[in-house]
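Trainee: Protein chains in written order, with the working numbering: chain A, 1 to 687; chain B, 1001 to 1152.
No wet-lab data here; the hints were simulated from the structure. Certain hints may be false.
Stated by the list, open to error - The calculated label-pair distances, taken between Cβ atoms and stated as ranges, are: (1) A:K524 - B:G1011: 41 to 51 Å; (2) B:N1045 - A:S500: 26 to 36 Å; (3) A:L532 - B:A1010: 19 to 29 Å; (4) B:T1036 - A:E556: 23 to 33 Å; (5) B:G1011 - A:H510: 34 to 44 Å; (6) A:S500 - B:A1010: 50 to 60 Å; (7) B:T1036 - A:N514: 39 to 49 Å; (8) A:A580 - B:G1079: 13 to 23 Å; (9) B:N1045 - A:K542: 40 to 50 Å.
The structure displayed is predicted, hence computed values, not measured ones. We put the CB at the ideal spot given by N, CA and C, even for glycine.
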Amino acid sequence: MRNWLGQLYQSVFGRMLLLVVIPTLLIFAIIILLGTLATFDGLRQAAEERLRIEVSLNAARLEDKLERALLSAQRMAEAQVAGMFGDRKASLELARLALQNSPEFTGCYFGYEPNADQQDAASLGKLPAEAMDEKGRFIPYWFVVPDGGRTIKLEPLVNMETSLYYQGAKTAFNSTHKAAPMVTEPYVYQDKLIVEQVYPIVIDGKFMGVAGLDFALADVETELRRTAERDQIDLFLISSRGRFIAATTDPHGEEAVDTEGQLMTQEVADSQYADLFEDLLGVRKTPRLKCEADPVDGDRYYFAAASIPAGGWTIVLREPEAEILGPIKRQLAYRMSSGLAGLAAIVGLLLVMTYRLGRRVRVAAQAAERVARGDLTEEITPGKVHDETGALLSSIHRMTVNLNNLVGQVKQSSVQLNSTATELAATSRQQEASVSTFGASTNQIAAATKEISATSSELVQTMQEVHDEAVHTDRLATSGRQGLQEMESNVRGLEQATSSIGDKLAVIHHKANNITGVVTTITKVADQTNLLSVNAAIEAEKAGEYGVGFLVVSREIRRLADQTAAATLDIEQMVQQMQAAVSEGVMEMDRFADKVRRSVQGVEEISRQMEEIIERVRANTERFERVNESMQSQAQGAGQISSAMAQLTESASQTTESISEYCHAANDLREAIAALQSSIAIFQLRT
Amino acid sequence: MLHVVLSRVAGRVYAFPSSRVVEVIPRVMAQALPQTADWVLGWINYRGRLILALDFSRLLGHGACTPRMANRILVVQTGETAGKASALTGVLVEAVLGSELFDFGDSTAHARLAPPTASFLTDVSLADSEMVQLVDPLKLPRPFAEPEDVSC
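Same shape as in the complex, but just chain A:
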């Protein structure tokens, strides 16, 4: 179990479940439970308060009726005190009017003490006998005949000395000497349960009689039943001495034939409610409430009791507990079920969200784990969710791609670095060798500079000799230049003669061309002559005998023409040979003239070069002196170079050490690259 919890706690889903979902579930459940309980308590208190108010209202209503009756009795008594006492006619009329105008009353009466107004004897026979006793004591009692109407009848009071309504009032006044209203216990009079409201007539501090009203409780019961039926409750009215005045649980109307078991007029102490009502009775300022099982039917009821101080009565309201708590419980059940449904929905959403979150975090964690192992081959799909987990997956995706590129570049770079380091090491070794060679060379150079210094001294001497030779050369060159100038003039003369010969040859060539033209003409003439002679011979032959002579002539002409043609042929050949010879001569002359011209140019060039040589030789004479001075400076410079070379040798040895360190650094670099390659070798890349 502990292992399972530990594994669960290791996952995001488990942690969310343990730290969020289950606590949320518990907290909300407790809140709902406590809220329901508090609501239930509040509603129950409200219902109880309603019961209290309701019972108080009913009590107040009854109190009002009693108060009004008592007030009427008090007014009648005060009227007697005010002057009516003794005026029996007026008193009799007052009582009749009071009863007639007040439908809630069933009787109205005065009761004087015997001969209190000193008119008992005088009144006999003057007033109706029903208003007095046989001694003339004024005790008129107006009452409503119980026939359903409002017929009023007069009778004398009875049982005055034994009943509560008179003797009780008198006893109370005598004990307190204070006029106070009094309500009697209910009793049955003429088949009606009534109570009486009595007020004492006190004149000069002496009890003179009472004024009273009968209050029919049947009306009270009817009203109580109406109220009970309207509010679906039961009401019990209990007198100050613990007797049931009215109970809505009693049978009513036609059912009331069987009066057995009914509570009205029964003592509470004798009934089944004795224990239940024990602490509810009595005059108290605030209503009392209790919820217990009814001893009659066994169901649980709420019992609310309120006092009616005017008569010392108590009214008890009974309502079934199910009627009060049922709606409350139903409402609470509805609330609780809806709350639990909401809670279940929240928990469900939390679970779904947690599961999805956990799954996405798990994907991210697995991807990160693969990256940590160096496996960069797998590609992560960021998904379509754009919350923080989506951003995390997207970031890991980008990180993987970037790492892929980075590690690939690092691998390539390390390979390149490795080759570079190898090249560096090789280069440093080459440099080391070069510096060693350089050191040897500097030593050689130092030796060479010493030789240069010695050689410079010899050179100074040699330069002097060279100077002397240059002066001699200058003289010889001057002489040579004069000879060249003569030769140049001779060659120019030759060039002119050559040009003249060329011109003459051109004339000969032209003449030869003319001869050729003449020969051509002669040839044409010979040819025409030949043709003419042939035609002449033909014509002569056609002439027959006459043309014989002309035939001979034509033959001779043809022979001459043939000889002419042969001679012109010879001339033509000779002219052609001559023309060829002249052309060759012209070409030869041209070549010769060209050579002569080049000779002239060569002579001029030689002359110019000789001039330049002379100038150079003269200039060299001065330079040789400067060179001599420079050679001496050079000898000194060679000494300085020698010392500089010593410093250079020392620098070369220092450079050797530096290169050695550089070589070590290159090796370290190569080892570091190898370590880097072994470090990144764990990464597997996408191809």
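Following the hints, complete the assembly by docking chain B onto the known chain A.
Mentor: Relative to chain A, chain B alone:
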């Protein structure tokens, strides 16, 4: 004895009867005729008349006559039209050697030294060990029937 005009063609000597030779003229440019035999040179202007000219060297089966200054055209009569202007034909030869009297009556020289298709070659004579073949202009081949008189 027959008076002939001797000419040289392809190294051999041919004789034209002087009676049939109207005139010997230098070589002139001929107006070529298409769709004719190769030995037909074309028309030439002979003193205001258009006459047909033949290359005798080609007619004999040799190559074209080598152009030289000594080339001649023999204007010969090729038709028997007495009383009217006779038909004339120009025959191009390499050179004209002259005019001589030749005897073609020797029996040894009567043998016909030419095939029947070349009927214009007739008798042959020997003179100084050189053969001379007589040409009959009337039997020269005609490439087509030419008009009787064509004037420029």
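Trainee: Each hint: holds or not?
Mentor: Hint-by-hint comparison with the structure:
no. : hint                         : verdict
1   : A:K524 - B:G1011: 41 to 51 Å : violated (26 Å)
2   : B:N1045 - A:S500: 26 to 36 Å : violated (55 Å)
3   : A:L532 - B:A1010: 19 to 29 Å : holds (26 Å)
4   : B:T1036 - A:E556: 23 to 33 Å : violated (42 Å)
5   : B:G1011 - A:H510: 34 to 44 Å : holds (41 Å)
6   : A:S500 - B:A1010: 50 to 60 Å : holds (55 Å)
7   : B:T1036 - A:N514: 39 to 49 Å : holds (46 Å)
8   : A:A580 - B:G1079: 13 to 23 Å : violated (53 Å)
9   : B:N1045 - A:K542: 40 to 50 Å : violated (24 Å)
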